[in-house]
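Protein chains in written order, with the working numbering: chain A, 1 to 259; chain B, 1001 to 1283.
Simulated from the structure, these hints should not be mistaken for laboratory data. Heads up, a few of these hints could be off.
[Said to hold, decoys possible] Here are the simulated lysine-lysine pairs, BS3-like style, with alpha carbons at most 27 Å apart: (1) A/Lys160 <-> B/Lys1100; (2) B/Lys1081 <-> B/Lys1251; (3) B/Lys1053 <-> A/Lys153; (4) A/Lys50 <-> B/Lys1081; (5) B/Lys1134 <-> B/Lys1216; (6) A/Lys160 <-> B/Lys1131; (7) A/Lys153 <-> B/Lys1088; (8) B/Lys1053 <-> A/Lys160; (9) A/Lys160 <-> B/Lys1216; (10) B/Lys1081 <-> A/Lys160; (11) B/Lys1251 <-> A/Lys153; (12) B/Lys1251 <-> A/Lys160; (13) B/Lys1134 <-> A/Lys219.
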Amino acid sequence: MKTMKTIFQPFGQLSRQVFFTMLVAQVVIALVLWQVGSNGLIPSPLQVKKAFLQLLSTRVLWENILVSLGLTLQAMLYSIAITLFFAYLSVLPFFRGLANFLVKCRYLTLTGLIFIFTLLTKDGSQLKLSLLVFGIVPFFVTSFLSVIMAIDKQEYELCKTLGYNNWQTLYEVIIVGKADQVLEILRQNFAIAWLMITLVEGLSMSEGGIGTLLIKYNKYNDIANVMALQGIIFIIGIGFDYGLGSLRKWLFPYAGLKA
Amino acid sequence: MNKRTGKQVNNSITSKTKTMTTHTKAEVILSVQNVNLSYAGKQVLHNVSFEIKNIVRPGVNQGQVVSLIGRSGIGKTQLFKLLSGLQKPTSGRIMIHETKEVQPGDMGVIFQNYYLFEWRTIHQSLWLAAKQNKALRGGEKEAIAHYTNHFELAEHLQKYPQQLSGGQRQRASIIQQLLKGSDFLLLDEPFSGLDVCVLDRVVNLLLDVSLSDELKTLVIVSHDIATSIAISDTVFILGKTEGEEGATIKKEIDLIERGLAWDKDSRQQQAFADTVAEIKSCL
C-alpha cells in the first residue's frame, strides 16, 4: 500500500526492484491493449514480432543498416568538426555572429533546401550527406554554445590567477575542460541524426538504407514490417545512446563524479 | 615562543619586550592607492588606501599575514578581486613593490570554495601551475613532491577535485598557487563555515605557508574577527564612514605593537579581547 502511494507521489523514491517490476507490468499492459485493440489494418504484437524475427534473418536488413550507419556516422563526424570549429571560435567576437546565425538555422526546413542542395552537390550520396550535416549542425552548435555560456566564471578566473593568457584559457577551459561535453552533445543529438536519416535516404534511394527500406514497406502497406523496422531503428538508437554514454565515462572518468 | 614555529626564537625576549617584539618594517611591498570602485552607478569602495610593508625580524625567516576585516556585503569580495587583478578599479591603483601595477596572475588567489579544474587530476593541476613558474623550470616534479608531502596530499595526487574533502581541496588550492610562485597569496574567507577543529588546522596551515618564505605575504579577507587577529600581524578594517557612500579602510591595527603577533597564546591576553571589541566597534 505504501509502495502504491509512493508510485503516485511527486519525487517518490522507488527501489530498483519495484521500479523494474512496475516497468515490466506497464509493458505487458501496453502489449495486451495493443493485442486486443489491433484489427485488420494495425498488426498485432505477435505479427510484428514475427516480422521482426524474419527481418533480422534477412541479409537485406543488415546491408541497409550498414548503409544508414555509415552515412549517419559520416554526417556526425563532419557535423562535430564544423560545430567545434564554430563553437570554439564563437569566443572571438568576429565569429560570434556567425555562430549565433547557425543556432537560428534550426528553424529552416530541410525540405525547402533540397533543390538548392541538389544543385550544389554532384550525386545522391553527397546530397544526403550535406543535407544531414546541414540538419544536424544547428542543433550541435546550439547545445555546445549553451555549454560555453554556462561555464562558471571561476574557471576563467582560475586561469587568470595562474597567469594564463586568453588563448591558454580558451584551450584549458573550453577545449580540454569541455571535451566530455562534446561526447554528451553527440549522445544527445544522435537521435536527431537518426531521425533525419530516414528522411534524407528517401531522396536518393539507389544506395539503400533503412530509410529506403521503410519507404518501400510503407508503399506496399506492409505495416508489420514497418513496425518491426521501427523497433530495430529504436533499438539501434538506444544502443548508440548507451555506447556513447559508456565511452564518455571511460574517456572522461571525472564526468560521472559529483563533488 | 614563536607562534608560527612553536620554537624559542629569541631568548632575550622578556615579558616587557613581548609587547614589542624586535622587528623592522622595511620597504613597501604592496600599496593600494586611492582605490574607488563603482558598480551600476553605486559606489562600492571609496578611497581605499593602505600599504603593506616587509616585516623583518632578525634571525627569523618568515613572511607575514595581513587581514582585511569587514562585515558581510561591505565590499570585501570586490576589494579581493581588485587586489587579485581580476577586476580593475574605477580609479586609483594597486602597486606591487611600488613599481608594478597589479595584473591577473601576479597574486596567488584562493577562492572561498577552493575552485580547481574539475577535469584535471590534482597532479595535473599542480603540474600546470608549476609550469607557469619560471623559477621552478626543470624542478617541477620535486616541487610538487615537496609541497604535497608537506601538506599531506601526496596520496591524493591521482584523484579528481570532486573526490577530495573540503580540507584537501583547500590544501590542493593553496599548493597550486604556491607552485605558481607568487609572493602574495590572497584568501577569500578561508575560515568561513569551518568547525572549531578544522579551523585550528586551517590556521596552522596558513601560518605554515607564511613561514615558507621571507617575502611570502598572506592577505586574508574575512569577517571572522577573532581568528583573523589570532593569525595576523596587521589588520585593516573595512567599513563605512558616515555621510560617505562605499566602504573604505577605517583603521589599521598593528598587532605586533600590541604584542598579539607571533604569540601562540595571544587569545589569552587582555589585549586580544580589547582588540576584538575595538574592531567590532568600528564595523
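Do the hints match the structure? See the list:
1. A/Lys160 <-> B/Lys1100: Measuring from Cα to Cα gives roughly 17 Å; hence the hint holds.
2. B/Lys1081 <-> B/Lys1251: holds (21 Å)
3. B/Lys1053 <-> A/Lys153: The hint is violated at about 32 Å.
4. A/Lys50 <-> B/Lys1081: violated (69 Å)
5. B/Lys1134 <-> B/Lys1216: holds (17 Å)
6. A/Lys160 <-> B/Lys1131: holds (14 Å)
7. A/Lys153 <-> B/Lys1088: Answer holds: A/Lys153 to B/Lys1088 is near 16 Å, not above 27 Å.
8. B/Lys1053 <-> A/Lys160: holds (26 Å)
9. A/Lys160 <-> B/Lys1216: Status holds; Cα separation ~20 Å.
10. B/Lys1081 <-> A/Lys160: holds (12 Å)
11. B/Lys1251 <-> A/Lys153: Violated, because 33 Å separates the two Cα atoms, which is more than 27 Å.
12. B/Lys1251 <-> A/Lys160: The hint is violated at about 31 Å.
13. B/Lys1134 <-> A/Lys219: Distance ~72 Å between B/Lys1134 and A/Lys219 Cα, so the pair is violated.
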